[in-house]
Amino acid sequence: MFKPIKILDIELSRPLVAIENLGNYEILQALVRLHGTPIGYVKVPVVNNCCTAAALGKAILEKHSKAILHHLLYDRLASPLKQDRLRIEDLLAVQHPVYSGSLPLVTVAVCTRDRTDDLVRCLESLNRLNYPKLDVIVVDNALDNDATECLVQAKYPNVRYIHEPRPGLNWARNRALTEAKGDIIAYTDDDVVVDPGWIKAIAEIFSQNNGVMAVTGLVVPYEQETEAQVLFELRGGFGRGFKRKWHQMDTNDNKSVASLFGLSGMFGTGANMAYRRSLFDRVGFFDPALDVGTATHGGGDLEMFFRVLKEGFMLAYEPRAIVRHIHRRQHKQLLTQMVSWGTGFYAYLVRSALRYPDERLAIFRLGLWFLRFQIQRLFNSFLQPPAFPRKLFLQQLYGSFIGPFLYYKARRNVTKIVQNLGSSAKTTINHKRKLKESCAHDKKSVAERTVNLSQPLRALTDVLEYTEVCVSVVWHGYTLGIVNITNNYQPVSVVRLCDVIVENFNFKLQLKEMQAHDKKSVAERTVDLSQPLHALTDVFEHAEVCVSVVWHGRILGSVNITNNCQPVSVTRLSDAIVENFNSKLRLARCKRMIRKVLRNELSI
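UniProt numbering puts the first residue of the sequence shown at 1, with every later residue one more than the last.
Hints listed in this document are in silico derivations from the structure and should not be mistaken for laboratory results. There may be inaccurate statements among the hints.
What the hints assert, rightly or not - Derived Cβ-Cβ restraints for the label pairs, each shown as a range:
no. : residue 1 : residue 2 : range
1   : L529      : N254      : 17 to 25 Å
2   : E89       : N452      : 19 to 27 Å
3   : R449      : P45       : 43 to 51 Å
4   : N380      : K332      : 23 to 31 Å
5   : P357      : L234      : 37 to 45 Å
6   : S79       : T526      : 24 to 32 Å
Stated by the list, open to error - Computed cross-link-like contacts, DSS-like style, restricted to lysine-lysine with a CA-CA straight-line distance of at most 27 Å:
no. : residue 1 : residue 2
7   : K245      : K43
8   : K200      : K255
9   : K155      : K181
10  : K63       : K43
11  : K200      : K66
12  : K155      : K133
13  : K58       : K200
Just so you know, even glycine gets a beta-carbon here, dropped at the ideal spot from N, CA and C.
Could you put the whole structure together from the sequences, leaning on the hints where they help?
Okay, here's the thing in structure tokens:
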């Protein structure tokens, strides 16, 4: 028998409390957040109509200790203060940094058609946005009634109403572009509830990263009250993870964009996307033959994501920008949505192949691969029953077969619409790609920079002549390692630096802090393999030796040797370097320490 799932948020900066009166629910699914930033989900069984604080805390620590550490370390590195220590206790004492720079005017566009009940819920959430410079517009695609216009004018005087007579979601999106006042335009749907910090998170990414031209965000379920809603989440939903991501095609890479980014649904969805308005002067408007309200029923957002990357621009995924989507409640609606996923994806592939002839082979291969994947998945469902109905597979597969034909039908319909109702500037279909300006840089160039984590991080603004930056990360004179950042002649912001450092060196930093905190127990020595090895005879006061291994000036890594206040012989040193070139034991100790401190300090 089906049981609904309770959906709620848990903020870790506040004490955990028991969740009571859960009635008909068997499972509680919580979106765990720290300082408003989403960390991940936990699912906790409901016992006696309640989930205790202890059960919630245990589940959070077991699943998200590493993510919590990432967030705390990011806060410390992003702080404008000097970094003296990075122990867990110090990280917990750091205040969450608040962006204080200038913010742009943002136009929020809600495209709707004959769904006033959903629209009320969406507009009420927009009224709760925590952002000072907003321009909200509702673009109404209704053909034969004025219910939406009456609603907006009567209850929402701060919202501009615009009627778009041409039927189709992309017509409405294009109309929003021509009417927008802001430098940034953020799109959402009428069947979502936006988080109060949604626009602020989007605007900060644009403000701090001049090279970013598009931003997508996290879409989480508003509710899971029906079986169809639960099945939709099992199918994958709209969520794209809890890590910030930066997507851009290397201008010197000979690979096709379709082979790397053809599955553009991985970037997000049209219910939560934003662009610089200037982008559309360079890549064109949305294709009105795609998405809801046309024969294709989808693909408009996917095609624009692909186009942004194909034209060489950067697309960022920001999980702090959260909207809650109200999934289809009925099985019939879910089946229709599965068909539209198939038709929209293959219509987008056809559109992209027409626009970019150089991508056609890669797009054709992608289309065949995805078709084969769906058929294989359907075949496997007969061997082992899937978690959701086989009919969902069949519906999407059916949509995939008819998608290319429906795109051509939609193009013919667009031609008729233009003949009858006219066309706004730049909204007509253009399948000829404009030649991009040739890049002044013919060869891949790499800049080398050093980042000292003991000092406040600064954006790398002197790398505009390079396609890639090789960053050496140093902490109190110790080189943690090197990371490469593809920047394509753009500055590298503090946000990007923090992301790559936390992702690559978080436990190394904790290990170095543990060693520095316990100097009597751990000695630090450097061994240069280009020179003859010598016994370590000056470690009598230490129980352990951390050996940094260097080869021709390059630090390969570190080896920990337990010596119990005894010298380390050449034989033992050689064995340790050859056989145990890792720090798994120390990382395990570090993780145990992290859990212990988080449990005490966060009261979970």
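* Asked: Which hint numbers does the structure go against, in order from smallest to largest?
  -> 1, 8 and 13
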